[in-house]
Amino acid sequence: MIAIVDTGGANIGSVVDAFSRLGVDSKLTADPNLIQEAKGVVLPGVGAAADSMARIQDQGLVEILQKLSQPVLGICLGMQLLFERSEEGDVTCLGLLPGKVRRLPAEKGARIPHMGWNRVQCGDQDPLFAGIKNGAWFYFVHSYAAPKGDFTVAEVEHGNRFPAVVAKGSVYGVQFHPERSGTSGAALLKNFVGMTGCN
Amino acid sequence: MLSRRIIPCLDVLGGRVVKGVRFRGHKDLGGVGELAARYRDQGADEIVLYDIAASAEGRTADRSWVREAAQELDIPFSVAGGIRSVEDARAVLGEGADKISINSPALERPELINELVSALGQQCVVIGVDSRRIEGEFRTFLYTGSEAKTRESGRLMIDWLKEVQDRGAGEIVLNCMEQDGTGDGYDIEQIFAAREILKIPLVASGGAKRVEHFEAVFKRADADAALAAGVFHRGELTVGDVKEFLASKGVEVRR
Numbered sequence: 001m002i003a004i005v006d007t008g009g010a011n012i013g014s015v016v017d018a019f020s021r022l023g024v025d026s027k028l029t030a031d032p033n034l035i036q037e038a039k040g041v042v043l044p045g046v047g048a049a050a051d052s053m054a055r056i057q058d059q060g061l062v063e064i065l066q067k068l069s070q071p072v073l074g075i076c077l078g079m080q081l082l083f084e085r086s087e088e089g090d091v092t093c094l095g096l097l098p099g100k101v102r103r104l105p106a107e108k109g110a111r112i113p114h115m116g117w118n119r120v121q122c123g124d125q126d127p128l129f130a131g132i133k134n135g136a137w138f139y140f141v142h143s144y145a146a147p148k149g150d151f152t153v154a155e156v157e158h159g160n161r162f163p164a165v166v167a168k169g170s171v172y173g174v175q176f177h178p179e180r181s182g183t184s185g186a187a188l189l190k191n192f193v194g195m196t197g198c199n
Numbered sequence: 001m002l003s004r005r006i007i008p009c010l011d012v013l014g015g016r017v018v019k020g021v022r023f024r025g026h027k028d029l030g031g032v033g034e035l036a037a038r039y040r041d042q043g044a045d046e047i048v049l050y051d052i053a054a055s056a057e058g059r060t061a062d063r064s065w066v067r068e069a070a071q072e073l074d075i076p077f078s079v080a081g082g083i084r085s086v087e088d089a090r091a092v093l094g095e096g097a098d099k100i101s102i103n104s105p106a107l108e109r110p111e112l113i114n115e116l117v118s119a120l121g122q123q124c125v126v127i128g129v130d131s132r133r134i135e136g137e138f139r140t141f142l143y144t145g146s147e148a149k150t151r152e153s154g155r156l157m158i159d160w161l162k163e164v165q166d167r168g169a170g171e172i173v174l175n176c177m178e179q180d181g182t183g184d185g186y187d188i189e190q191i192f193a194a195r196e197i198l199k200i201p202l203v204a205s206g207g208a209k210r211v212e213h214f215e216a217v218f219k220r221a222d223a224d225a226a227l228a229a230g231v232f233h234r235g236e237l238t239v240g241d242v243k244e245f246l247a248s249k250g251v252e253v254r255r
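As they're listed, the protein sequences go chains F and X. For the first sequence, our numbering gives the first residue as 1, with consecutive numbering after it. For the second sequence, our numbering gives the first residue as 1, with consecutive numbering after it.
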């Protein structure tokens with residue numbers, strides 16, 4: 001079973017639907033035991049950083065999420081929560097990755113939110129991208145972005161370049177929404193499922 | 001670089017996708033999930049599901065079909081029509097929609113935009129604007145789902161878009177009413193006027209019939225996305241036809 005951490009947010013169920021389409025058992029939950037025992041954990045990406053962190057704290061999940069040893073996938077906001085801090089609501093996040101999430105600057109021709117399909121130069125060395133072609137399209141919708149650093153696996157360009165994918169050990173973060181990224185998104189989720197042994 | 005988006009709009013009545021003159025002589029085209037998936041397979045970048053009954057009758061309809069679309073689709077979709085409150089919006093998103101689109105209720109009570117953004121996040125709040133040229137001005141209208149009820153809002157399109165943006169909306173769908181259903185192409189002048197003042201994404205709507213219309217709205221009006229309905233439903237063009245042409249003209253599209 002893959003646990004999808006219930007961080008609030010109105011359309012948080014989309015990831016459950018995506019796993020269902022792959023025939024994979026997943027559950028939206030804030031239960032610490034279920035999360036710890038799950039073979040993989042997804043931190044989904046809906047809402048604002050401060051609200052989601054408050055909810056994670058209220059549920060007593062901060063330490064549990066910091067100490068997970070199974071594969072973890074942060075999606076969109078869920079990826080941003082993996083870092084130390086976010087400028088969105090100026091909030092302390094999980095600190096699994098170093099640095100601060102900042103608002104994207106409005107550049108000419110680069111509208112904010114960054115909303116739509118963009119190419120990710122992912123290479124295929126990372127197992128998360130096995131079988132996905134370099135420059136594949138993924139669906140983004142966000143106004144804040146993670147800092148570039150040693151843990152950046154792939155970047156995306158919208159005005160500036162910023163991380164589309166980060167990884168540290170078995171903790172992954174993707175700025176796009178694989179659950180809404182057509183066949184390339186489904187392939188990525190399938191690769192993640194493969195890492196968890198749930199397939 | 002972001003691709004330009006092509007967005008088919010499906011009219012939904014009683015959980016079925018229909019076509020025809022609105023409110024008269026609807027023809028059943030099929031289930032919501034089935035039709036949405038067909039456009040997805042053609043290469044649609046997003047889908048808009050427009051709840052025509054909820055919009056016209058002012059009621060909150062049964063929205064189990066939103067769930068059906070959410071389970072089927074692996075691309076984003078938004079729901080328009082009949083959403084008048086944060087609670088309505090939350091319910092629709094809870095069924096699995098990625099965005100909600102509000103039109104007349106935002107003109108009736110603009111604070112609703114702030115409330116939606118604050119409760120649900122900027123990224124899922126789309127504001128639809130119906131506008132037409134009258135005496136050299138672009139003026140906005142309410143209740144355009146019903147000919148009998150349509151009336152001017154008293155706000156100029158440009159002023160309204162500035163306000164909508166300041167109130168935190170995530171995206172604008174600008175429907176140019178004179179073009180709607182004509183097949184004469186998008187209203188480039190009007191869409192470009194909107195583009196010049198918007199920092200958020202802009203979806204152009206109204207008048208698409210030929211592939212060149214899509215090229216023009218991207219190259220000349222710099223729209224982020226183009227919405228179309230009839231031209232796709234009548235089978236005159238597929239989303240794939242449009243994208244193939246755009247790619248040949250150097251417009252970045254997802255294929």
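Hints are not guaranteed to be accurate.
Subject to a maximum C-alpha distance of 25 Å in a straight line, what follows is the list of computed SDA-like cross-link-like pairs (lysine to any residue) [claimed, not checked]:
# : chain 1 : residue 1 : chain 2 : residue 2
1 : F       : K108      : X       : E215
2 : F       : K190      : X       : R151
3 : X       : K199      : F       : R102
4 : F       : K108      : X       : G168
5 : F       : K27       : X       : K219
6 : X       : K199      : F       : K27
7 : F       : K100      : F       : K190
8 : X       : K219      : F       : A110
9 : X       : K162      : F       : E107
Simulated from the structure, these hints should not be mistaken for lab results.
Under the constraints set out in the numbered hints, which ones does this structure not fulfil?
2, 5, 6, 7
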